[in-house]
Each structure stands twice: as structure tokens, then as C-alpha cells.
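Undergrad: Take a look at the letters that make up each chain.
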Amino acid sequence: MNALRSDSTGDPAPLRWALTLLALAFLGLFVVLPLAAVFGQALAKGWEAYWAAISEPDALAAIRLTLLASGIAVLSNLVFGVAAAWAIAKFQFRGKNVLITLIDLPFAVSPVIAGLIYVLVFGARGWFGDWLDAHDIRIVFAVPGIVLATIFVTFPFVARELIPLMQSQGTDEEEAGISLGAGGWQVLFRITLPNVKWSLLYGIILCTARAMGEFGAVSVVSGHIRGQTNTMPLHVEVLYNEYNFAAAFAVASLLAILALVTMAAMSLLEWKMRRVYSELQAEASPEA
Amino acid sequence: MRGNWFQRYSILPGFWPSFGLSMLYLSLVVLIPLSAIFLKTAALTWPRFWSAVTSPAVVASYRLTFGASLGAALVNAVFGFLVAWVLARYRFPGKRLVDALVDLPFALPTAVAGIALTSLYSENGWVGRRLAPWGIRVAFTPLGVLVALIFIGLPFVVRSVQPVLEGADRELEEAAASLGASRWQVFSRVVFPMVRPALLTGFAMAFARALGEYGSVIFISGNMPMRTEITPLLIVAKLEQYDYAGAAALAVVMLAASFVLLLAINLLGSYSRKYMEAQ
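Keeping their order, the protein sequence lines are chains A and B. Take my numbering: the final residue in the first sequence is number 333, and no numbers are missing along the way. Take my numbering: the final residue in the second sequence is number 1719, and no numbers are missing along the way.
It is worth saying that the hints were derived from the structure and are not from the lab. Here the structure is a predicted model, which means the values were calculated and not measured. Among these hints, one or two may not hold up.
Straight line, CA to CA, 25 Å or less: simulated SDA-like cross-link-like pairs of lysine to any residue [stated by the list, open to error]:
#1 B/Lys-1535 x A/Val-77
#2 B/Lys-1535 x A/Leu-305
#3 B/Lys-1535 x B/Leu-1522
#4 A/Lys-317 x B/Gly-1607
#5 A/Lys-242 x A/Gln-137
#6 A/Lys-317 x B/Pro-1457
#7 A/Lys-141 x B/Val-1700
#8 A/Lys-141 x B/Pro-1457
#9 A/Lys-141 x A/Asp-217
#10 A/Lys-141 x B/Leu-1464
#11 A/Lys-242 x A/Met-311
#12 B/Lys-1535 x A/Val-306
#13 A/Lys-242 x A/Met-308
#14 A/Lys-242 x A/Leu-123
#15 B/Lys-1714 x B/Gly-1607
#16 A/Lys-317 x B/Arg-1536
#17 A/Lys-141 x B/Leu-1522
#18 A/Lys-141 x B/Leu-1707
#19 A/Lys-141 x B/Met-1463
#20 B/Lys-1714 x B/Pro-1665
#21 B/Lys-1535 x A/Leu-69
#22 A/Lys-317 x A/Gly-174
Partial selection, computed: residues in chain A whose CB lies under 10 Å from chain B [claimed, not checked]:
#23 Leu-72
#24 Ala-153
#25 Gly-171
#26 Arg-235
#27 Met-257
Anything over 12 Å on all C-beta distances counts as not near chain B; from chain A, calculated [claimed, not checked]:
#28 Ala-179
#29 Leu-210
#30 Ser-213
#31 Lys-242
#32 Ala-293
In this text, a Cβ means the ideal position worked out from N, Cα and C, and glycines have one as well.
With the rest of the complex left out, here is chain A (with noise of 0.2 Å):
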């Protein structure tokens, strides 16, 4: 059997050999060397540079900024991430199919659409702009700006994972916790959370990512004072303005070693995720 697959739907040797390369030249060309170029630049001055360019305060701040931002940023989007998949995956309502599309709307947005809009609802000249100005409140160009527009473009990362996976998974765990006598906070965190767990944790992991590297959003609303509202992205902008060429890779590679750890996570994740759903397939059809 395996002869004759090899034989009819293989392809032959040379073919195999040149699309494998092609492929290959293709991947280093735009995802290797990219890569190596930003560890490369990183060091080109030497470790002390390096180090000097990540531990400058300026830098220092911009990291602080980052954690802030894309911590608040995830534990709000996990907890709307939870409430909207409940709501989604256990309940039969009207209109649910707009609900989910709506979740998906922040990304087919441009990120410096996402920024603009909090700009025109709290900036000097937006709808809120007088008011808050009177009471002394600054949103754009400040902290909670850099905030909103992280929690945006995040947005739909938790509730997307978890509703497939709780869709799938069905009621049927729930209403037996219920009809035993659980009452509702018990179920969620003692069936349907643990139930998915990976995914939740795919989501968090990959929330997080792209809290932490956007730049677009919150280029636009930050207003790029520094030491204040530079986020790690954001100052290796301005480093790189600066043409201080070596600083702005230092603080660049931080950024792809998390990229790189995300994608590790990833990877280990997916492998995990994948038992969860043939598990669940075996338990759907137990006779195959």
C-alpha cells in the first residue's frame, strides 16, 4: 500500500529535492534573515553597549510601560474573553452569529484606525475632549490611552479561542454540576475552565504577544513623550530616529526574544490542543 502511494502521488526525487530548497530560500530569505538581522545589530557594538541600551532608564520606563499596558490589557480582555464564551457557547439566542462577528471586527481594522478612534472620542478636539480637559483628565497621550488601544487590537484573542473549543464541548458536564447542586461560579471553575485550559492559556499567551509588540495603536495615541508614554516598541522608534542604530536593536531584541518564546509556547500548545480535540472526537463517536 505504502509502495503504491509513494509510486502514484509522490513526486520524483529531483522535483521533491528543488521545491523543498525553493521553499527553504524563500523562508530565510523573509523570516530567518530578518531575524538574524535584528540579534545581529543588536551586538554590533559590543555586549557593554548592549547592555547599557537596555538598562538606560529611558529604556527601563518604556518596559515598565509595556508590562502595565499589556498586563491590564489581557486580564480585562481574559475576563470578557470568559464572560463572552460562556454566554456564547452554553446559551442558545438571537443574533449570536452578529455577536461573534462583532468580536472579530478589531482585526479587520488598520491598528492606527484603532488609535484614531480614541483620539476622536477622548482627544483636545474630540467628544470628550472639553470635559475631560475641565476636570484635568488626560486619556490620549497618557497612560490610559496606551491602555484602551492595546486592549483593542487584543481584543478578540481569548474569546476566540475559548468559544470553538466550548461550543464543542456542549452543556452536558455543566448541567450535571448544576442538577447536582453546584451553583454557578463552582461550575465554571471546576468543569468548564479546567476543561479548557490550554486554549484559555493559548489565548492569554497569545493576548500577551501582541500586547506587548503593537505598535500602530499605540504610536498614534501615546504622543511619544518619553520616559512617560514610550512603550517598548514605541522607543525603539525613537532610537531609531535618532539613527542610534545599536540601542534601537538592543531594545528590539528583547521583543523578538519574547517572539520567540510566544512561538515555542505556541508550538507546545497546539500539540496539547490537539489531544484535547481528538479526545473529544473519540468520546463523540466511541465505536470508531
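Based on these hints, arrange chain B on the given structure of chain A.
TA: Below, chain B without anything else, positioned relative to chain A:
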């Protein structure tokens, strides 16, 4: 049966709190701020709106943004298909690492990608240096915009085509081959039609993503007026001049373009499915 016109009855608790919280959060964070774009644009008179979205610099930016996005999506359709094919059908050392690397453009912050590509493709960069003798300049030209958009769109086609190729029933190909079809006939008549919807979806996602891209492009493009300014950059420029209404008007045009694109793709997708069922 209890329940009402809106929600079917369930013994599970917490529908209204979770639904209400979701709607509240969605409205406050996404829907109401997004509506500001349309309300701000509606404040413009028609002639002012028209002149804001059709000034020469803006039209030049549409041409670049749409042209480079389309070009990058096409390149990704071809090479993304190739990468998906190689990953799904062949075995070679280091394949799992290569597979993981495909996701890098998703994970790498766009500003980092932007400065990395610029340093590679500028005239004294590692790649730019080798292209310069042939008179090819990439950084600070429209070609640079294309390169950045190829980078960020790369995973979309691979990740939508690869699972279809992996899940495809090889017996169909075996049947075609045993009935005398050549390898090329099997590919073009059996394999390709099977993957076409996924390929189209991946192409569309790469295209849509490229239209709105900002971070990776602005470094390598050099932002020269009329030549290498993308539309999102013009939105930022208008905002910096406090031309809120002009920025909102451009945003409306871009949102409309993405919407039409997504609609077209959905129609193409359902057409493709019908075509397959008819076969």
C-alpha cells in the same frame, strides 16, 4: 418550555450577567469608539469629504497601498502554497523548526520587523549591498513596501492551505493516477481544486492585513510624499495636523475597502464551494 423570544431556556445560570458584561465591554471598547469615525465624517459636507479622500497625495497613497498589498498577497499565494506543500507532503531534517518559523511574522512586533528589514535592504545592508550592483534599490522605494508586506502576510496562506493538504484524502489522487492521469493532471484537476477555497481565504487575509499595516512599512518606505506614503501614514499625518475630520474620512474609505474585500472573498468562497459540489 420556559424561555423567551430572545433566549432559549437553560438550567445553566449566568446568561444575563455574562451576556450583559460582554455587550457592555464590546460597546465601550469597540462599537462606540468605532462609530466616532462615521459621526466625525458625517460632519463633513460632501464636497469636503470628496476632496479629503481624493487629493493627489491621498490617491497616490491608495495606489501604493492597494498595489503593494495585492502584489504581496499574490507573492504569498504562490510561495505560501509552495511552503505549505513542502511542509505537508515532504519529510526533511529540521521540518518541525521550519514549521514553527512560519509563525514568526505573527509573533514578531511590526516595528521590530520594520527596522530589521530596513537594515537588511538599505544600500549598505546585507541584502541591499548585493542588489545595488544590479541597480535594484529596495529600501525607501515602493519595492521596500512590497517586501515588508510580504513578510507580514507570509503565515496567512501557509496556515490556511497546510491543514487542507494534510487532511486531503490521498486515495482520490491514487484513483486519478491509477486511471492514467499524469502527475500534473492529478495536481491541476484533483489537488488544486481541493485547496482553492483555502488558498483564496489565505490570499484575502494576507491582502486585508497588508492594507492596514503600518509598523513594518513606515521604516522601510522612507515616507516620501507622493512616492512611498501609505494610506495609514496619511491618517497619522492628518491627525498630527489636528485634521480629525480628514483623518476620519480616510479611515472610512479604508474600512469600506476592507469590508468590500471581505464580502468579495466570502462570495468567492461560497462560489468555489458550489463549484466543487457541482463537480
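Undergrad: Mind listing which of the numbered hints don't hold for this structure, in increasing order?
TA: 6, 17, 20, 22, 26 and 32
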